[in-house]
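K.L.:
For reference, the chains in residue letters:
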Amino acid sequence: MENRPLEYDYTIAKMFMLTTIAFGIVGMLIGVILAFQLAFPGLNLILGDGLAEYTNFSRLRPLHTDAVIFGFTLSGVFATWYYVGQRVLKVSMAESRLLMTLGKLHFWLYVIVVAAAVYSLFAGVTTSKEYAEFEWPIDVGVVVVWVIFGMSMFGLIGIRREKSLYISVWYYIATFLGIAMLYLFNNMEIPTYFVTSPAGESGIGAWYHSVSMYAGTNDALVQWWYGHNAVAFGFTVPIVAMIYYFLPKESGQAIYSYKLSLLSFWGLMFVYLWAGGHHLLYSTVPDWMQTMGSIFSIVLILPSWGSAINMLLTMKGEWQQVAASPLIKFMVLGSTFYMFSTLEGPIQAIKSVNAIAHFTDWIVGHVHDGVLGWVGFMIMASLYHMAPRVFKREIYSKSLMAAQFWIQTLGVVLYFSSMWIAGITQGMMWRAHDEFGNLAYSFIDTVTVLHPYYAIRGVGGLLYLVGFLMFAYNIYKTMSSRPVEERELQSASPMGA
Amino acid sequence: MSIAELQAYGYFVLTFLLVVVLYGYIYHLYTKKRDADGVDYESYSNMALKDDIDDAPVSALSDEKVPFEGAKK
Ligand code: HEM
Ligand code: HEM
Chain S
1 MENRPLEYDY TIAKMFMLTT IAFGIVGMLI GVILAFQLAF PGLNLILGDG
51 LAEYTNFSRL RPLHTDAVIF GFTLSGVFAT WYYVGQRVLK VSMAESRLLM
101 TLGKLHFWLY VIVVAAAVYS LFAGVTTSKE YAEFEWPIDV GVVVVWVIFG
151 MSMFGLIGIR REKSLYISVW YYIATFLGIA MLYLFNNMEI PTYFVTSPAG
201 ESGIGAWYHS VSMYAGTNDA LVQWWYGHNA VAFGFTVPIV AMIYYFLPKE
251 SGQAIYSYKL SLLSFWGLMF VYLWAGGHHL LYSTVPDWMQ TMGSIFSIVL
301 ILPSWGSAIN MLLTMKGEWQ QVAASPLIKF MVLGSTFYMF STLEGPIQAI
351 KSVNAIAHFT DWIVGHVHDG VLGWVGFMIM ASLYHMAPRV FKREIYSKSL
401 MAAQFWIQTL GVVLYFSSMW IAGITQGMMW RAHDEFGNLA YSFIDTVTVL
451 HPYYAIRGVG GLLYLVGFLM FAYNIYKTMS SRPVEERELQ SASPMGA
Chain P
1 MSIAELQAYG YFVLTFLLVV VLYGYIYHLY TKKRDADGVD YESYSNMALK
51 DDIDDAPVSA LSDEKVPFEG AKK
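Residue numbers (the working numbering), protein chains in the order written: chain S, 1 to 497; chain P, 1 to 73.
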C-alpha cells in the first residue's frame, strides 16, 4: 500500500452537511407555510378539501418543529462534531475502520429514523407531547442512533493524541449526555397494547400508540423539564461548542479567556437544569418550584453572557474583520442574538411578565430570535467555514454570502419585532376588563388586530428562507469552484467574489 | 418532618454545596492559572488554532517523540 500522509477524513461530516441543508429547507419551508396560514387561514386548504388533513396548521406544526430541531439542528451538530472532533483531538477517522463504520451506521440509521418520523407525523401519529411527538417505535430508533453517536464520539476521544479536551468537546459531550437523559425520561411510555382501561378493556388502539408513564402535573413537570432542556442541550450547548471552535479559527484569534469558557461551562450546566419551571408559571405545579424556575432563569443570564461576551471579546482589536468578512458577521451577530434571547428569556420568566407573555406570540418571537439569529446563523456559519476545508475549494461567492446575511438579518428582525408587538397586544387585550370584571374583548377581536403582524412575520420568515436557499446554492456551487492550496486555509476562509 | 420538607432542605443544601464548589473552581482557575500538568489554561486555545493533523499537540497524550507518521516537528 502506498504510504500517504495522514489526513482528516471528512466523509461523515459531508454526509451530515447534506442533511443539514436538506432538512433545513424542508423545515423552514413548512415554517413559512405555517406563518402564512396564521395570517391567511384559507391556506389551510391550499391543496383542496381532500388533502386538508395533511395541509392544516395542526398537522404541519409538529413537522416544522421536529424537522428544524431533529433534522436541521441535529444534523448540524453531527456535521460539526465529525469535523471539529477530529481536528481538536488531532486524530483522523481514517485511522480506525471501526469508527468509520460506526459513523456511516450513525448517518444511515439517522436518516431512516427521520424518514419514519416525518411519515408518522404526516400520518397524524403523535404522542401529543411538544418536541416529543414520536411514538415508541421511533423512540426506540432514536435511542439506537444516539447510542451509536455516543460510541462514535467516545471512540474518537479514546484514540486522541491531544491529552486535554478542547472546550468545544466538553460541550459536545454535554449535548450527548444531556439529551440522552432527557429523551429517555420524558419518553417513558407504555404501548396501549399492554394497558387496561378502568372499564376493563385491553388492547386499545393501534400497536404503535402509547400512553405516558406520568400523569397530570407530573407529566407536565417532566415534559417541561425536557422541553426546556431540549432548548439547553439542543439549541444552546452544541451551538456554543460550534462558536468556541469556529469563531477563533476563522478569525485566527485565541479565545479571549479560556478560563472564562471553563467556568461558564460549569455555570451553564449547573443552572440550566433548574430553570424549566418557568414554562409552568401559574400552573398546578408547586409554587416554590415556579419561583425557583424564575430565580434560576435570572441567574442563567450570567453563564450565558459569560460565553457570549467571551466570544465578542475574542474579536477585540480585530473588528475590521467583522466589516470585511460576511462569515465573521454571521458569527458575531449570532453571538449577539444569543445574548439577546438569553436576556429576553429571563425577563419573560419573571412571574408578573409571564402573566402577560405566556400563551402569546411574544414567546414565539423569543423562540425565533434564538433559533433564527443564533442557532441558524451559527450552523450556517460553521458549514461555510467547513466547506472550503472539506471540499478543498474556495467558497463560491462572497457577495452572495453578504447579500444573504443582510436578507436574513432583516428577516429575523421582522419576525421578532412583529411578534413582540403582536404578543404584548394579545396579552394586554386578553386581560383587559371593565370595572365589574367583564372581559373587554373577545378572542376574535385579538385575531383581527393581529392580522398585519402575522403577515409581517410571514414576510420575515420568507426572507429567512430565501437566504437559506442562497446558502444552499452557495455551498452547492462551492463544490465545483476554484481549488485552493493548503496554506490558504489557515484561518480566514478563501472566498470567490 | 414531612417528605416535602426534607426534599426542600435537601435541595437547599445541595444547591449551596454546588455553589461553593463552583466558586471554589473559579478561585482555583484564577489563582493557579495552570492545570495539574503545569499547562497554562490559556494555551489550550491553541488546540483549535493549531489543529492540523501534523501540528504538535498542546500536551500530547503519549510522550513518543514522533507521535505518528508524517508528523513535522
Ligand atoms: C437565559 C436563557 C433563557 C431563558 C431564561 C428563557 C426563558 C424562557 C421562557 C420564560 C419561556 C416562555 C415560557 C412560557 O411562558 O410559555 C421560553 C420559551 C422558549 N424558549 Fe427560552 N429562554 C432562554 C433562552 C432561550 C434560547 C437561547 C432559545 C433558543 C435558541 C430559547 C428557546 C425557547 C423555546 C423554543 C421556547 C418555547 C417553548 C414552548 O412553549 O414550546 N430560549 N423561554
Ligand atoms: C423560515 C423560518 C421560519 C418560520 C417562518 C417559522 C415559523 C414558525 C411558526 C409560524 C410557528 C408556529 C407558531 C405558533 O404556533 O403560533 C413556529 C414554531 C416554532 N418554530 Fe419556527 N419558523 C422558522 C424557522 C425555525 C427554525 C430554523 C427553528 C429552529 C431551529 C424553529 C423552531 C421553532 C420552534 C421550536 C417552534 C415552537 C415554538 C413554541 O411552541 O413556542 N423555527 N415557527
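These aren't lab readings, by the way, just hints derived from the structure by calculation. C-beta: ideal position from N, C-alpha, C; glycine also. You may find that some hints are simply not true.
Some chain S residues well away from chain P (every beta-carbon gap over 10 Å; in silico) [as the list claims (entries may be wrong)]:
no., residue
1, 6
2, 7
3, 87
4, 90
5, 154
6, 164
7, 168
8, 217
9, 220
10, 245
11, 258
12, 263
13, 392
14, 470
Here are the simulated SDA-like cross-link-like pairs (lysine to any residue), alpha carbons at most 20 Å apart as the crow flies [as the list claims (entries may be wrong)]:
no., chain 1, residue 1, chain 2, residue 2
15, S, 259, P, 52
16, S, 104, S, 7
17, S, 329, S, 347
18, P, 50, S, 8
19, S, 129, S, 8
20, P, 32, S, 216
21, S, 163, P, 54
22, S, 259, P, 53
23, S, 316, P, 20
24, P, 50, S, 494
25, S, 398, P, 34
26, S, 259, P, 54
27, S, 259, P, 25
28, S, 392, P, 49
29, S, 163, P, 27
30, S, 163, P, 14
31, S, 259, P, 24
32, P, 50, S, 129
33, P, 50, S, 440
34, S, 259, P, 40
35, S, 392, P, 54
36, P, 50, S, 170
37, P, 50, S, 485
38, P, 32, S, 494
39, S, 316, S, 491
K.L.:
Going back to the hint list, which numbers does this structure go against?
P.N.:
When the structure is compared with the hints, numbers 1, 2, 3, 4, 6, 7, 10, 11, 12, 15, 17, 19, 20, 22, 23, 25, 26, 29, 30, 32, 33, 38 turn out to be violated.
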